[in-house]
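Novice: Using the sequences provided together with the hints, build the complete structure.
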Amino acid sequence: MKKLFAVIKREYVQRVRTKFFVIATILGPLLLVGFTVVPAVMFGIKAGGPTRIGIVDQTGKMYARVAQELVNDRTRVQTRKPPQSATPGFNNPNAPGDREPETSFVVEEVRADGRSLDQVRNDLDARVARKELDGFVILPPNLLNGEQPEYSARNTADLFTRTKVENSINRALRSQRMVENGIDEKKVEQMSEPISLRTSGAGGKESKGESSFFLVFGLGLLIYMSVLLYGQFVLGAVIEEKETRIAEILFSSMRSFPLMMGKLIGVSLVALTQMSIWAIAFLSLSAWLAGSSFTVPHIPPLIFVYFVIFFLMGYFIYATVYAVVGSMVTTTQEGGQLALPIVLLLVMGFYLSFNIIRSPNSSLAFWASMFPFFAPITMLVRIVTETPPFWQILLSLGIGIATAIGLIWVASRIYRVGMLMTGKKATLPEVWRWVRQA
Amino acid sequence: MDSTQPTLILDRISKSFGDFTAVSDLSLEVRPGRVFGLIGPNGAGKTTTIRMIVNITAPDTGTIKLFGQTMATALQDRIGYLPEERGLYKKMKVGEQLRFFAELKDLHGKEADTRIDRWLAKLQLSAWKDKRTKELSKGMQQKVQFITSVIHDPDLLILDEPFSGLDPVNVDIMKDTILELKSENKTIILSTHQMEIAEKLCDDVCMINRSRKVLDGKLRDIRRSRARNAVALRFEGSDALLNDPEVVANIRQVGDEFEVLLVAGADPQVLLKRLVDTGAVVTKFELVEASLHDIFIEEVKKAG
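Respectively, the protein sequence lines represent chains A and B. Under my numbering, think of the first position of the first sequence as 1, with each following residue one higher. Under my numbering, think of the first position of the second sequence as 1001, with each following residue one higher.
Calculated from the structure, these hints are not laboratory results. This one's a predicted model, so the numbers in the text were calculated from it and none came from an experiment. For every residue, glycine included, the Cβ atom is placed at its ideal position computed from N, Cα and C. Careful, some of the hints might be misleading.
Stated by the list, open to error - Below, a list of computed lysine to aspartate or glutamate pairs in the EDC-like style, where the Cα atoms sit at most 16 Å apart:
#1 B:Lys1090 x A:Glu243
#2 B:Lys1213 x B:Asp1025
#3 A:Lys9 x B:Asp1106
#4 B:Lys1273 x B:Glu1299
#5 B:Lys1091 x A:Glu243
#6 B:Lys1134 x A:Glu193
To be verified - With the Cβ distance kept under 8 Å, some of the chain A side facing chain B (calculated, not the full set):
#7 Lys2
#8 Glu248
#9 Ile249
#10 Arg255
#11 Phe257
To be verified - Covered stretches of chain B, going by a simulated chain A footprint (3 or more residues, C-beta under 8 Å):
#12 1049-1061
#13 1080-1093
#14 1245-1256
Specialist: Shown next, in the form of structure tokens:
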């Protein structure tokens, strides 16, 4: 027992003292914010100034309305479509992918002035090519009766601009039809007054959909990054001991099981230390920002507990596999290659969580959160989005813990033989023989 | 400890890896207060044998008894082991490193610190205690490694090629230390392929070649039984003087010396007298005992 403690102490002290630990502790949250917020923001930013759209109005009466809709900002929120796969209880309608980015428009009416439509079109194309315009719309004479308008732009991949143009035309069309059907212009305005959703979680809890999405995504990402990072710490540590032949002295002093456990526990304590620092920093930041206009997501304390539990489960599963890999190979490079499938497994769990955020109670979500290699991320995502029945959480944990124990048991057998074998990478049949013989 | 009871008994142990037999049917006894040489060429099975003694691996067949008990994990704390391939944590400070390895041998607290300081002083490393291990020269690292093997005051010390990579000054320090431990009635197993070192330090030897024991016993007995009628000789005069088939069976020149194998039963004094009589100036005349090197070569040849 004292020897186990000695191994834990060494792993912990030697790692916490490094510059790397300090840097990772400081940079970690920044990276996390970077990975979650930046892509969403990047998606929304339209670089290079307002979009210049030319409008050819063949109806002779639609230009003013369409231009107003395009330029006017108040209409931004109202026509959002609900996510198609939304299920009851889904509380994150404001996923970043759904958000229309802030795009400003400069609109210009293009008159035919005696030219034929083809000529007008050619001239506009030329102007788009000269970059005087970004795109143009041709509203056909029969627009009000359903004839399709034509949109042409330099960048047709810019879906946001396209959607915005389409929505604006539709809104303008609706207003025009109402007016033509005898509804007073003022009434039309009143009737078109937009609202935005006030989002709350099921059960009436007030929550902010957007920050909740970031919370889920952030927690999933944090588990993913931490398990990967600390798993690779274990990989590196094992390879170091094998390369430098320290393993021989270690095994002449203690059994492989406590040795490996000590290593795993020591590194896990480093991870927990780092996370505690983050948690304290986060809570202080929340307290400091309380009352100001800038809010950080509110995280229920229970989520912290679940986070730590599922992180540890993921860590012990993956780090154990990493330890086995480390004992099988001879160099760090080989270790990186052999560990690739493990990383892919972790990445799969992470990507599954995107689907699970949308439908946290689907059968896919259920099975993904029972599979021990995915569960650390997927079950946590389910808990945060829409907490599943408690028995499911327990079952997932049970499977995970059993898997971890089984892996550690197998691993410590491989570890002992692998660590003493030098010169070449072990093959899988060899490893299987070690498991049976040890 | 009763000096008549062997510290270690290997009873017909064998170990194979797949088709490769590393150790086969090896038996030996190691007595306390003696330096036991495990000698043989690289790949003979020395390291595998040692790994079984320190309980890193178990023999396929046969038994190992240490301090009169069957091998078990608890006995590991009474063994000190310096492996052939040295390993230290490069980034750890020397003092912390020693402390860690002491704790692995169940030596903790103040006692551990005191002993670390004492050993560092003894091997002239005190100034390096707070340096990272990678800043040390190879020889110094080797001495640190040696300390890890003796820090817990083991009753059995196993040294696998302890002198490789050491400069002559440090070789002497190491030799003195080993002899000192021997005088404290510790049992020392010295594994080496350098026969000259074994000759100087060992009381008993066991030679192994290709997984099998070739020869074992007290070094003195072995050498006496193999004594050949040979003379190491250096003189000024004509080489032709040695050309006497009645006395000289074979001549081998080594540098400016001759190693002369005499005809069986011939008296070395006859040769000396003859040389002196002819007016040669003899600067060296020494009866040669069989070297471990020669004995080993002979045994290996015999085994085919």
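Novice: Quick check: which numbered hints come out false for this structure?
Specialist: 4, 6, 11, 14
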